[in-house]
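Asker: These protein sequence lines are chains A and B, in that order. So the first sequence is numbered by the working numbering: it starts at 1 and just counts up by one. So the second sequence is numbered by the working numbering: it starts at 1 and just counts up by one.
Among the hints, a few may not be true.
Each pair of labels, with its calculated beta carbon distance range [unchecked claim]:
id, chain 1, residue 1, chain 2, residue 2, range
1, B, V252, A, T186, 45 to 55 Å
2, B, H160, A, G122, 27 to 37 Å
3, A, L182, B, Q5, 53 to 63 Å
4, B, G89, A, S38, 39 to 49 Å
5, B, G57, A, G122, 26 to 36 Å
6, A, L170, B, G89, 36 to 46 Å
Keep in mind the hints are simulated off the structure, nothing from the lab. Ideal placement from N, C-alpha and C gives every residue a C-beta, glycine not left out.
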Amino acid sequence: MKLFSSSRVSRFSFASVPERVGWGLLAAALLLYPLVLSGPFYRDIGVTFLLAAISASAWNIVGGYAGQVSVGHSMFFGLGAYTPLLFYTLWGWPPLAGLPVAVLLSIGLALVIGQPTFRLTGHYFSMATIAVAELIRIFTGTWDLVGAAIGLQGPATARSLWDLTFRSELPYYYMFLAVLALLLATTAVVERRRFGFYLRAIKASERAAKSLGVPVRQTKMQALALSAAFTSVTGSLYVIKTGFIDPDSGFGILISVQMVIVAALGGAGTLLGPLMGALILVPLQTTTNSWFGGGGSGLTYILYGGIIVLIARFVPGGLFELWHRVAPHFRTRAHAA
Amino acid sequence: MVVVQVIVGGLLLGAIYALFSSGLTLIWGMMNFINFAHGEFVMLGMYVALLVVVWLGGGPAVFGIVAACGLFVLGVGIYLSLIRHVIRGPMLAQILSTFGLALFVRYTAFFIFSANFVSLPQTSLAGTVKIAGIFLPVAQLVAGAVAIFLTLSLHMLLTHTAIGSRLLAVAEDRAAAMLMGIRPDRMQALAWGLSAGAAGIAGALMATAYPWSPSVGETFGLIAFVVVALGGFGSVLGSLYAGLIIGLIQAVSAFWLGAIYKDIVVYSLFVALLWLRPQGLMGKV
Chain A
1 MKLFSSSRVS RFSFASVPER VGWGLLAAAL LLYPLVLSGP FYRDIGVTFL LAAISASAWN
61 IVGGYAGQVS VGHSMFFGLG AYTPLLFYTL WGWPPLAGLP VAVLLSIGLA LVIGQPTFRL
121 TGHYFSMATI AVAELIRIFT GTWDLVGAAI GLQGPATARS LWDLTFRSEL PYYYMFLAVL
181 ALLLATTAVV ERRRFGFYLR AIKASERAAK SLGVPVRQTK MQALALSAAF TSVTGSLYVI
241 KTGFIDPDSG FGILISVQMV IVAALGGAGT LLGPLMGALI LVPLQTTTNS WFGGGGSGLT
301 YILYGGIIVL IARFVPGGLF ELWHRVAPHF RTRAHAA
Chain B
1 MVVVQVIVGG LLLGAIYALF SSGLTLIWGM MNFINFAHGE FVMLGMYVAL LVVVWLGGGP
61 AVFGIVAACG LFVLGVGIYL SLIRHVIRGP MLAQILSTFG LALFVRYTAF FIFSANFVSL
121 PQTSLAGTVK IAGIFLPVAQ LVAGAVAIFL TLSLHMLLTH TAIGSRLLAV AEDRAAAMLM
181 GIRPDRMQAL AWGLSAGAAG IAGALMATAY PWSPSVGETF GLIAFVVVAL GGFGSVLGSL
241 YAGLIIGLIQ AVSAFWLGAI YKDIVVYSLF VALLWLRPQG LMGKV
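The shape of chain B in the complex, shown without the other chains (with noise of 0.2 Å):
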């Protein structure tokens, strides 16, 4: 029973990889860009949460609404103001771009709420349930199902909407995009946001069920790579299923070999991934 318990909390734990890696995965199909500040955005969403909890007592809708648009504005906001820049430039500026926008948030946030770690306090989706004999938080329940609710729509909104298909026509082909009438600056701001949007309501999600500090954005980020290079740069439904995958493997690597080897574990993979199958599960050659 406890074996099924571990596979069941690291499902839903990937439920939430998988909605911030989706961000990460938009960003490098639509423009061949890695965002070394992506988890950053995650743990940035889980302070606006603590934050609205705290100064205006919102409960998990408030406080995911507002994660959501916040880092979207975000989002929107550094593609305008530094990616739509470096982007023409020499790879080492790429690089340096958003690993500068990495450090100087991180380290921002250590500055402001120090390294400690912290936690909600008891919103509405405080307890426990019992199904089929096992024991889950409400909260990571409730966490993982939006997160796979909300990564589907992402999913949706790219392959059944006119919005969706500008994306991937800016995607695809920046100067034909242009000729039929889409702007690519505007396709791709939106991506950022969406991206960045996604890596925020990933983060209060994840702030009602689990403790946080500064720290864990580079967790995050490097999670957020590895889950795209399984699932395949640029795919957001491969990068569902590697999410829960990856979910599942930490959770029973630190089952069995013990909490610490989780990472050693992933990493091997992702190090293993990039060489044996740089494409991944779901990408195109």
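The following block holds chain A by itself, in its conformation from the complex (with noise of 0.2 Å):
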């Protein structure tokens, strides 16, 4: 008999008619949402959104489901985002044509950097994660081929339609929403298979569930490279956006504490929680940028980290923890009434 047979576990998937509800709902907001909040503040708020959500999504699969606290993932990010310019600036490639290549080289730089840091578990996994990333983030400072420390720039004008260099911010959003929306499919699909059960059986406890017979070190390789597939898939989309890296932007450790803060806020492991992170704290961010001009993202960050503190403190599981335990007094009065 098999651990868990596939016609039980089908069963959860959009059973229930609210639930069907919900994702056209949230469907329907994303897709109206450029079309009716038109003006260029909402829509570059709506493309800020998007990334932030996919980068936090792509770490939920390794750091929230298999509970792999990673905070090197800008070094999947950053070879996401160099990859595509360095293609352009070596042989003027189209961006988007260096998009698979980075997906490639990431899977194939997690696989290297999961064989040792997989040997490490809990704070040593992440502290390990931190030198890598800190590694190649100084290692590109000093390298002339990708820039060095002034970075590397992308198209300036639309040579053709491949270079995707638009005025207008809608283009990306959808581009965006399109690789969200697979990412999150991914994830759901994910999260019902065989797969998705070692993952959280490893996060509650390694030992019981390799005892069990789950082959831990190969489930935790193969959820870290398909989380570094995803995550070097939002650093070139950032590029082909803003057309332009440097390695604070690409390899900086608070590229990597943004998908951590982002997925911790909305809920860790769940796989609406990134999504619920960033429709909160990218506005935040946007406001108190706007509010407080050039000063403002040092503000950014001390909002981010007041926040992580609470979240740490108070709801350690996230939003989705949070809604969960106060959830059932609404329904109880809601019956009574």
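Each of the two chains sits in its own frame; use the hints to bring them together as a complex.
Answerer: Put into structure tokens, the structure is as follows:
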């Protein structure tokens, strides 16, 4: 007998009518948002929101579901960002052509990095991932081929449609939304497959999972590779839109930290947690930036820091946990009334 | 002669690394917890020194003590208000708590003090001495010597006093210590105070000899990880040796390879260490 028979598992999928309605509403809201709120300010928030949601959802696969808290995911983001611009600088390829290469490179990097770091657990793993990402960041800053400390630039004006250089934010918005949809669909499939159960078993107790026959090492590697692939796509999307990357905006520790915060705020290890986190943090960040001008970015991180401490202290499971804690009260009240 | 100068300079800086890293290793040994904000405590110690000099006009002895006491109180406060609660929570919450703290402290410092490098106005430790043919700034020499003395004092406090025995008892077995009439919460609060205090005074010592900006916290935090990984998680004596070694490696690689490569060498060493010898030089398996 299989440990997790697929027929029993599939019954969970989109079973309830309210759930289907919820998904429909969410999809409609995301599709219509830039058409309804069409000002450049709102569209900019929308695009930033999608990027944050994609990178946090990608981190979520290994950091949330498998509980391996990587604080070095910027290495995959940076690789995804640098590769397209490097190919453009060297051979004049459109940045989009670099994306699949970056994905392959990131999977390769994940397999190389995972080998030593997955021997470590808990805090040790987090520390090792920070160190590797910092190592790559410093090294990139000294490497002339990739622009050293100055970084790389993409095509300033579109040479053809393939450069994907648009004046309007709208094409970017729908491009990013499609990637987010693909990522969420992948995560939803993973959640219901045996692989997803393995991941959660590893998170709950690695030793117990191993003793029940879960191929722990292999599962972690696969999760990291999948997570790295999507994180590098985020990096590529980022440079296709901005056309610029340097060591700090590619490999900086704050890039990794943002993924962790966004996922943790909404709820790490839940399908929509990263989306919820991005929905709250991105408007907050954009607002503080526009209020305080140039000094706003520093203020954003003060705010970020404060929020993370409060999450860790009061709602370690994120907003989804809070919802599950609070929701039953409302339901019983509704029944009573 | 230049090489000797580089080596001595590296060892003196390494002594300060040893002092603040001993604080990190104490927390790790006591409660299996890594403080990602430890480097920020060092940075705060540096600014405390600056503020004391500018506002009160105190000398190195005054700002050293103020930094140690101030950070001690901060450490105890952070333990009681935050760490005590998250330590029972999931791994993600533990990591996030001190990470959030680090971001908060670092960017608040940026906000207040700006990103510019500052250094202390001239103190009573200005000038250089010539010892055996090499020139050394007095401030570096005094800071290094005091740092070694304090690290050894912390080691003696843990191994040769009653309060040290209580601290180690809680580290060994919390429940058994409780049955012996020790209050684990108080001991852990004390450990956090000592840890932050060590970082604070290390920062004040370093401020006498080196310029700094709010971003140094990140660098020192990573260096403290490397030192603790090399010296063994939980071993104060191990972090003394490891601190000196890391200071030496940094100085020598900066001298031979160039200043940018000193961090590359140190972080590579760190990854290799975690991989090959997670228990460190002096640590238990």
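Asker: Does each hint fit the structure? Answer for all of them.
Answerer: Hint check:
In this structure the hint that B/V252 and A/T186 lie 45 to 55 Å apart at CB holds, the actual value being about 48 Å. As the Cβ distance of B/H160 to A/G122 is approximately 32 Å, the hint placing it in 27 to 37 Å holds. One distance hint, 53 to 63 Å for the beta-carbon pair A/L182 and B/Q5, holds here, with the actual separation near 59 Å. Taking the beta carbon of each, B/G89 and A/S38 are about 43 Å apart, inside 39 to 49 Å as hinted.
Restraint check, B/G57 to A/G122: a C-beta distance of roughly 47 Å breaks the suggested window 26 to 36 Å. Between A/L170 and B/G89 the Cβ separation comes to about 42 Å, which falls inside the hinted range of 36 to 46 Å.
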